[in-house]
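Student: Now for the letters of each chain:
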Amino acid sequence: MRSIHNTVVIESREKRQLLNLTESLREAVNAAGVGNGFVGIFSQHTTASVFISECQAALTDDIVAFLSDVVAEGKPYKHNSPEYSDCDRKNATAHLRALILGQSVLLPVVDGKPVLGQFQSLMFAEFDGPRQRAIHVQVLGD
Amino acid sequence: MRSIHNTVVIESREKRQLLNLTESLREAVNAAGVGNGFVGIFSQHTTASVFISECQAALTDDIVAFLSDVVAEGKPYKHNSPEYSDCDRKNATAHLRALILGQSVLLPVVDGKPVLGQFQSLMFAEFDGPRQRAIHVQVLGD
Amino acid sequence: MRSIHNTVVIESREKRQLLNLTESLREAVNAAGVGNGFVGIFSQHTTASVFISECQAALTDDIVAFLSDVVAEGKPYKHNSPEYSDCDRKNATAHLRALILGQSVLLPVVDGKPVLGQFQSLMFAEFDGPRQRAIHVQVLGD
Chain A
1 MRSIHNTVVI ESREKRQLLN LTESLREAVN AAGVGNGFVG IFSQHTTASV FISECQAALT
61 DDIVAFLSDV VAEGKPYKHN SPEYSDCDRK NATAHLRALI LGQSVLLPVV DGKPVLGQFQ
121 SLMFAEFDGP RQRAIHVQVL GD
Chain B
1001 MRSIHNTVVI ESREKRQLLN LTESLREAVN AAGVGNGFVG IFSQHTTASV FISECQAALT
1061 DDIVAFLSDV VAEGKPYKHN SPEYSDCDRK NATAHLRALI LGQSVLLPVV DGKPVLGQFQ
1121 SLMFAEFDGP RQRAIHVQVL GD
Chain C
2001 MRSIHNTVVI ESREKRQLLN LTESLREAVN AAGVGNGFVG IFSQHTTASV FISECQAALT
2061 DDIVAFLSDV VAEGKPYKHN SPEYSDCDRK NATAHLRALI LGQSVLLPVV DGKPVLGQFQ
2121 SLMFAEFDGP RQRAIHVQVL GD
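Chains A, B and C, in that order, are what the protein sequence lines are.
Its first residue numbered 1, the first sequence is counted upward by one per residue in this note's numbering.
Its first residue numbered 1001, the second sequence is counted upward by one per residue in this note's numbering.
Its first residue numbered 2001, the third sequence is counted upward by one per residue in this note's numbering.
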């Protein structure tokens, strides 16, 4: 049984940005040398997510638009108010959008490779960029 | 340490349909012969989810109604527009609804059985049926 | 390879309440004596969640307000109707809010400790309290 981990570093370039991490994931799993088990992918941030989706520009635009709609700007968020919060970044909406998509993904590893369906990609979502972000990838198996 | 996987095939019969997978899960975990560890249940599709909920017809109707409400039909989704997307299935809402419920569930395995609370069931959600769907079940432990 | 589990019991005191479980998690992982692997944290309930967030009072208020907004009271939920449901607790909104945040969290364990980013905490969310709640914590690794 082996537990191997490493970190994928991402430099986001926009306030809101979705990126495809599938190739980085395949490389990390391959480098771990684990045949069968699980791989966990963990955003180390509360305003950036990892999730599974089809990677198509039209669809990722729809995902960003949906999250912008359901978590609207301009509401009286306490996290953005000096009266309640000493956080300089007025990023309550980034927290709430990241909460909806989640901050970890688990995938099976079979024969040394992560298992994804035909249209599934591992995606990264930045909600409060541009920033440097760290994604922890850990493989457990034999 | 063992890593055992198999596939549960589902034939959904409706456009939107919630099904209880708990019995299939118990059978898969029992067949794996793993005493203690984790079981992961992974939808191989971007428009079908797995999640944990109470399985009651009134509640599953409420879940479908909630998702239909928060992800409304009739918005100008790019994924549904020939201008932006070459996808024949106009299924942007199915993608967004599946994103909210998620595409994997992790559960503990103790004494050869998946651990669920008294009112918890493993549920499958079809958002773009009817179709044949594959659910990957993987057990890791000893 | 070891699989160690125990239960964290929570006494919620309000109808809706968010609590920080990070210290309980660190103690459970430390007690398990596993060096490297995964820890899973599982709510055993369909109306209480576990999730990752920054733990700041202003932000947790924003999370509760957001969920109260997106899952509105006063809609004709079947789960709350004697015509469709024999459930005495009229708690459809609690189910739907718990569904959005999710009922499990997976984290890596490295050198005997759960891995969390600088601003990440493990949070518990009660949506139908006050009640006694059980959180199953399971560590798998070596």
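Rather than coming from a laboratory, the hints here were simulated on the basis of the structure.
It is possible that some hints are incorrect.
Distance condition first, Cα-Cα at most 30 Å in a straight line; then the derived DSS-like pairs of lysine-lysine [claimed, not checked]:
no.: 1; chain 1: A; residue 1: K75; chain 2: A; residue 2: K15
no.: 2; chain 1: B; residue 1: K1113; chain 2: C; residue 2: K2113
no.: 3; chain 1: A; residue 1: K90; chain 2: A; residue 2: K113
no.: 4; chain 1: C; residue 1: K2090; chain 2: A; residue 2: K113
no.: 5; chain 1: C; residue 1: K2090; chain 2: C; residue 2: K2078
no.: 6; chain 1: B; residue 1: K1075; chain 2: A; residue 2: K90
no.: 7; chain 1: C; residue 1: K2015; chain 2: C; residue 2: K2078
no.: 8; chain 1: B; residue 1: K1015; chain 2: C; residue 2: K2015
no.: 9; chain 1: B; residue 1: K1015; chain 2: B; residue 2: K1075
no.: 10; chain 1: B; residue 1: K1015; chain 2: B; residue 2: K1078
no.: 11; chain 1: A; residue 1: K15; chain 2: A; residue 2: K90
no.: 12; chain 1: A; residue 1: K75; chain 2: C; residue 2: K2015
no.: 13; chain 1: A; residue 1: K78; chain 2: A; residue 2: K90
no.: 14; chain 1: A; residue 1: K75; chain 2: C; residue 2: K2113
no.: 15; chain 1: B; residue 1: K1078; chain 2: A; residue 2: K75
no.: 16; chain 1: A; residue 1: K15; chain 2: B; residue 2: K1015
no.: 17; chain 1: B; residue 1: K1015; chain 2: C; residue 2: K2113
no.: 18; chain 1: A; residue 1: K113; chain 2: C; residue 2: K2113
no.: 19; chain 1: B; residue 1: K1075; chain 2: C; residue 2: K2015
no.: 20; chain 1: B; residue 1: K1090; chain 2: B; residue 2: K1078
no.: 21; chain 1: B; residue 1: K1075; chain 2: B; residue 2: K1090
no.: 22; chain 1: C; residue 1: K2090; chain 2: C; residue 2: K2015
no.: 23; chain 1: B; residue 1: K1113; chain 2: A; residue 2: K113
no.: 24; chain 1: C; residue 1: K2078; chain 2: A; residue 2: K78
no.: 25; chain 1: A; residue 1: K15; chain 2: B; residue 2: K1075
no.: 26; chain 1: B; residue 1: K1090; chain 2: A; residue 2: K15
no.: 27; chain 1: C; residue 1: K2075; chain 2: B; residue 2: K1090
no.: 28; chain 1: A; residue 1: K90; chain 2: C; residue 2: K2090
no.: 29; chain 1: C; residue 1: K2015; chain 2: A; residue 2: K78
no.: 30; chain 1: A; residue 1: K75; chain 2: B; residue 2: K1075
no.: 31; chain 1: C; residue 1: K2113; chain 2: B; residue 2: K1075
no.: 32; chain 1: C; residue 1: K2078; chain 2: B; residue 2: K1015
no.: 33; chain 1: C; residue 1: K2075; chain 2: C; residue 2: K2113
no.: 34; chain 1: C; residue 1: K2075; chain 2: C; residue 2: K2090
no.: 35; chain 1: A; residue 1: K15; chain 2: A; residue 2: K78
no.: 36; chain 1: B; residue 1: K1090; chain 2: B; residue 2: K1015
Student: All the hints need checking, so say for each whether the structure fits it.
Tutor: Going down the list of hints, with the structure as the test:
Distance restraint check for A:K75 and A:K15: the Cα-Cα separation of roughly 19 Å lies within the 30 Å cut-off, and the hinted pair is therefore satisfied. For the suggested pair B:K1113 and C:K2113, the alpha carbons sit about 27 Å apart, so the restraint of at most 30 Å is met. Restraint check: the Cα-Cα separation between A:K90 and A:K113 comes to about 40 Å, which exceeds 30 Å; the hinted pair is violated. Only pairs whose Cα atoms come within 30 Å are accepted, and C:K2090 paired with A:K113 is rejected, the gap being roughly 46 Å.
Simply put, C:K2090 and C:K2078 have alpha-carbon atoms about 10 Å apart, close enough for the 30 Å limit, and the pair holds. For the hint linking B:K1075 to A:K90, the alpha-carbon distance of about 29 Å falls within 30 Å, and the restraint holds. Between C:K2015 and C:K2078 the alpha-carbon distance is near 21 Å, which keeps this suggested pair within the 30 Å criterion. Restraint check for B:K1015 and C:K2015: not satisfied, since their Cα atoms lie roughly 36 Å apart, outside the 30 Å limit.
Pair hint B:K1015 plus B:K1075 holds up; C-alpha atoms about 19 Å apart against a cutoff of 30 Å. Only pairs whose Cα atoms come within 30 Å are accepted, and B:K1015 paired with B:K1078 is accepted, the gap being roughly 21 Å. A distance of roughly 13 Å separates the Cα atoms of A:K15 and A:K90; the hinted pair therefore holds under the 30 Å criterion. Under the criterion of a C-alpha separation no larger than 30 Å, the hint pairing A:K75 with C:K2015 is consistent with the structure, at around 24 Å.
With a CA separation close to 10 Å, the supplied pair A:K78 and A:K90 stays within the 30 Å bound. Taking the CA atoms of A:K75 and C:K2113, the gap is about 38 Å. The hint is violated against a cut of 30 Å. The straight-line distance between the Cα atoms of B:K1078 and A:K75 is roughly 26 Å, inside the 30 Å bound, and the hint therefore holds. For the hint pairing A:K15 with B:K1015, the CA-to-CA distance comes to about 36 Å; that exceeds 30 Å, so the pair is violated.
For the hint linking B:K1015 to C:K2113, the alpha-carbon distance of about 45 Å lies beyond 30 Å, and the restraint is violated. Between the alpha carbons of A:K113 and C:K2113 the distance comes to roughly 27 Å, so the proposed pair stays at or under 30 Å and holds. For the suggested pair B:K1075 and C:K2015, the alpha carbons sit about 35 Å apart, so the restraint of at most 30 Å is broken. For the hint pairing B:K1090 with B:K1078, the CA-to-CA distance comes to about 10 Å; that is within 30 Å, so the pair holds.
For the suggested pair B:K1075 and B:K1090, the alpha carbons sit about 12 Å apart, so the restraint of at most 30 Å is met. Of the supplied pair hints, the one linking C:K2090 and C:K2015 holds, its CA atoms being roughly 13 Å apart against a limit of 30 Å. Note on B:K1113 and A:K113: the hinted pairing holds, with a Cα-Cα distance of about 27 Å set against a maximum of 30 Å. Only pairs whose Cα atoms come within 30 Å are accepted, and C:K2078 paired with A:K78 is rejected, the gap being roughly 33 Å.
For the proposed pair A:K15 and B:K1075, the alpha carbon gap of about 24 Å is at most 30 Å, so the pair holds. The hinted pair formed by B:K1090 and A:K15 meets the criterion: a straight-line CA distance of about 28 Å does not exceed 30 Å. Of the supplied pair hints, the one linking C:K2075 and B:K1090 holds, its CA atoms being roughly 29 Å apart against a limit of 30 Å. Restraint check: the Cα-Cα separation between A:K90 and C:K2090 comes to about 36 Å, which exceeds 30 Å; the hinted pair is violated.
The hinted pair formed by C:K2015 and A:K78 meets the criterion: a straight-line CA distance of about 20 Å does not exceed 30 Å. For the suggested pair A:K75 and B:K1075, the alpha carbons sit about 22 Å apart, so the restraint of at most 30 Å is met. Taking the CA atoms of C:K2113 and B:K1075, the gap is about 46 Å. The hint is violated against a cut of 30 Å. Distance restraint check for C:K2078 and B:K1015: the Cα-Cα separation of roughly 20 Å lies within the 30 Å cut-off, and the hinted pair is therefore satisfied.
As the CA atoms of C:K2075 and C:K2113 are separated by approximately 44 Å, the hinted pair breaks the 30 Å bound. Distance check on the hinted pair: C:K2075 and C:K2090 sit about 12 Å apart at the alpha-carbon level, within 30 Å; holds. A C-alpha spacing of about 21 Å is found between A:K15 and A:K78, which places the hinted pair at or below 30 Å, so the restraint holds. A distance of roughly 13 Å separates the Cα atoms of B:K1090 and B:K1015; the hinted pair therefore holds under the 30 Å criterion.
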